[in-house]
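Peer 1: Chains as they are written, first to last, in the numbering used here: chain A, 1 to 481; chain B, 1 to 372.
Be aware that a few hints might be false.
Unchecked claim - Rough simulated footprint, nothing fancy, chain A against chain B, three-plus residues with beta-carbon under 8 Å:
1) 14–23
2) 82–89
3) 255–265
Hints listed in this document are in silico derivations from the structure and should not be mistaken for laboratory results. The C-beta atom is built at its ideal place from N, Cα and C for all residues, glycine as well.
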Amino acid sequence: MVFSSLIFLCIFLPLVIVIYMVCPAKFRNFFLLLASLLFYAWGEPCYILIMLFSTVFDYINGRLMEYFENKNQKRKRKWILLLSIVGNLGILFFFKYSNLLIQSWNQLTESSWKSLEIALPIGISFYTFQTMSYTIDVYRENVKAQRNFVDFAMYVSMFPQLIAGPIVRYRQIEDQFSGRVLSAECQVKGTQRFLIGLGKKVILANQIGLLWDNIAQGDFRSLSVAGAWLGAFAYTFQIYFDFSGYSDMAIGLGQMLGFTLPENFKHPYCSKSITEFWRRWHITLGTWFREYLYIPLGGNRKGLQKQIVNLFIVWFLTGLWHGASWNFVLWGIYFFVILLAEKAFLLKEMERWPKVLRHIYAIFFIVVGWVLFAVEDFGKMGFYLQIMFGMKNPIINETAIYYLRSYGILLVILAIAASRLPYRLLQKLRRHMLRVETEFAVKKGKKAEFVLYSIYTILILLVSMGLLISGSYNPFLYFRF
Amino acid sequence: MKNYYRIYIIAAFGIIAFFGLFSVLLPEKGYSENENRYLEQFPKVKIKKILSGDFQEEFEESFSDQFLGRDVWMKASTTVKKAAGFQEISGVYLGKSGYYITKVTQEDIDQKQYLQNLRYVEYLGKTCGGTASTILVPSPETILKDKVPDHAPYYDADAMYDEAETVLKKAKSVDVRPELNEYAKQNQVYYYTDHHWTLLGAYAAYSAYSDANQMLKHTYSYFTEKKITENFLGTTYSKVMPANPKEDTMYAATNVPQATVLYDGVERNNIYDVEKLTQKDKYGYFFGGNYGEVEINMKEKPEKKLLVIKDSYANCFVPFLMESFDQITMIDLRYYKKSVQELLRENNYEQVLVLYEISNFAQDTNLYKLVY
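Chain A with its partners taken away, still in its complex shape (with noise of 0.2 Å):
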């Protein structure tokens, strides 16, 4: 199932957070899990063995690395933490790359070996992941085994982040499992959260998302230098709000369990450079890499050399993460290039340049980067690169005034979106208010600030169902992942 369709809105959802309320403290749990379990079920019948089966081989794990602490055997324990890495890995790389490496195996050997018949299990990035963070974390005697199942097995199942992520790594969330707070507060900011995600994605994403449909799945011969860009932009805005969206949907709904969950993207798309990019986009992921690789490896203490190793690790395998295709490959590593020279010298450098410059600077990068990532296909990524570089097509034609006229509007409330104009022109009638007003005066405008939010938020839901309902386009883009 998936937060953007009908059927979670408007069944799932209600039903599952009014049992959740009327639900005893203790058993919440419990019904958390049987209601993540129907979730995941609903979209992947047969594959919701492979998610149980990982859940119940970490939490076994997790045990007996605790079983061998206790008896002091070191060795013993290592041996269990390397046997969780490599099944999780394993069950990723046999569901996610097994099919990539026979192809690439028959481009270069020239043999015809036969591609295995798996569909890749939706989310299984993610909660492989999620149990990796707590056998490793268990191992650093982080944090302790955890002894009910349930619990562990709500924290990898659990519905809002399930699909696609944030990735919640279990020392985050360990103290959430007893003792949550339901307040009205927090399902009204919960509730307002989600449907804010939720516009995100289906009225931002999918309708810009639809150029970019148009336009990848044309003929790129007919295409201008303005359509190209045109595309790429449209992709870069359907990524990320389709992304944060479902962050926020999942955050949202995280609040109105009770659970705190991480945040996943902090406006990136203001970034001045590269590196700061990275620290604003998909944020759980980056922690997670850091924490898990970068550092084990040895981080930026062994010496320059190393580190470019390391660094070079990293990022090759975040871009093999996101899709079992070479293209996320060059994509990851683009970003490694970027970011090893403005470690070296452009950071130093750009301090001198205009703010404006360093933003266009970061937002050129950005989009070329979306570009070897949306476009799958070596050859058809050189030749929209091309057109986008002038080297091939017209500056611009017909189509591309037409897609303009069509979605210029979409495009400035998408920019608009994306910037922090709309957040800064809040804080500043916020302290406008204060300023001015007497505390009985600042009340009434807190409360005449959360009606004209909530009516806000409803008006999205409203929209969001008439776009749902009409079929319009409406894709996962993380069944990559």
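Given chain A's structure and the hints, the job is docking chain B onto it.
Peer 2: Quick look at chain B alone, frame taken from chain A:
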């Protein structure tokens, strides 16, 4: 503040739960007049279907189709999209002066298929024994260039007509564009909310066809048009579902000879189907929609025969020709199961006409049947 919170939660969850509940509980709807299609029904629970995921997929589709107030939701969403400046919805251009025009781009046209289809028609022309001609009806955009949104991409019709000209020697292509352009200056030749041409549009083609074949030609007024409905909302309307569409007025030619008509072998006395006027797809009034074979007999022992290989554009066109022939047989290759060549051998057709809307023709994969 607490009260405010409560109201908000009740409002938000009330809306989603209300629609969720009643969409499932209310009796299922079968056919959607507005969308001109059968709605998906809730599937029966079967373990096998659940395990394969088919049940879930069907359930989601039916849930969307059976959603409470579906039409209103769709119209609202169209209104929002229009306000956001969108120029097309579900593959239909939101044209000017109330026109909804199907979007057909160069990439939608399979050039190979088109050429192949032309060759099949030419083969028919060579083997039919009579005079053969082809009318490739222009897409609305070709005639109503100023009605599609500015700069909107469209396929290159001129090139396609040129190609038809070169390939079709025996089954000569009758170019109806000049006549249609002429009539379009003053009158409506295509419907606002449907992909078909109007009666007048069809008459323009009749006029060109008669001239090309040196046949006796009547004036439009001779056929005595009759207004059959004032609120026709067609296929492009169904795709877009705009809130305030310009409803179409539909006319039919009444001064046509009496005829007995065989619809796939079943005899009926009328070329028009009044029943269809109570339904949404009122264009079905002409010959009751699409049949594999429709045989129209003006005389008991027909001598002057016409065979029409066609799509639905012919349905309002053919009545104009009834006076000129003793028998007209219409064949829709999508549904025709018998051998065309055998039909040609059994009948001594004086004329054979292939009539398709050109982008339909280019995409049709049934024309190979002409050879067998």
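Peer 1: Flag every earlier hint the structure violates by its number, smallest first.
Peer 2: 3
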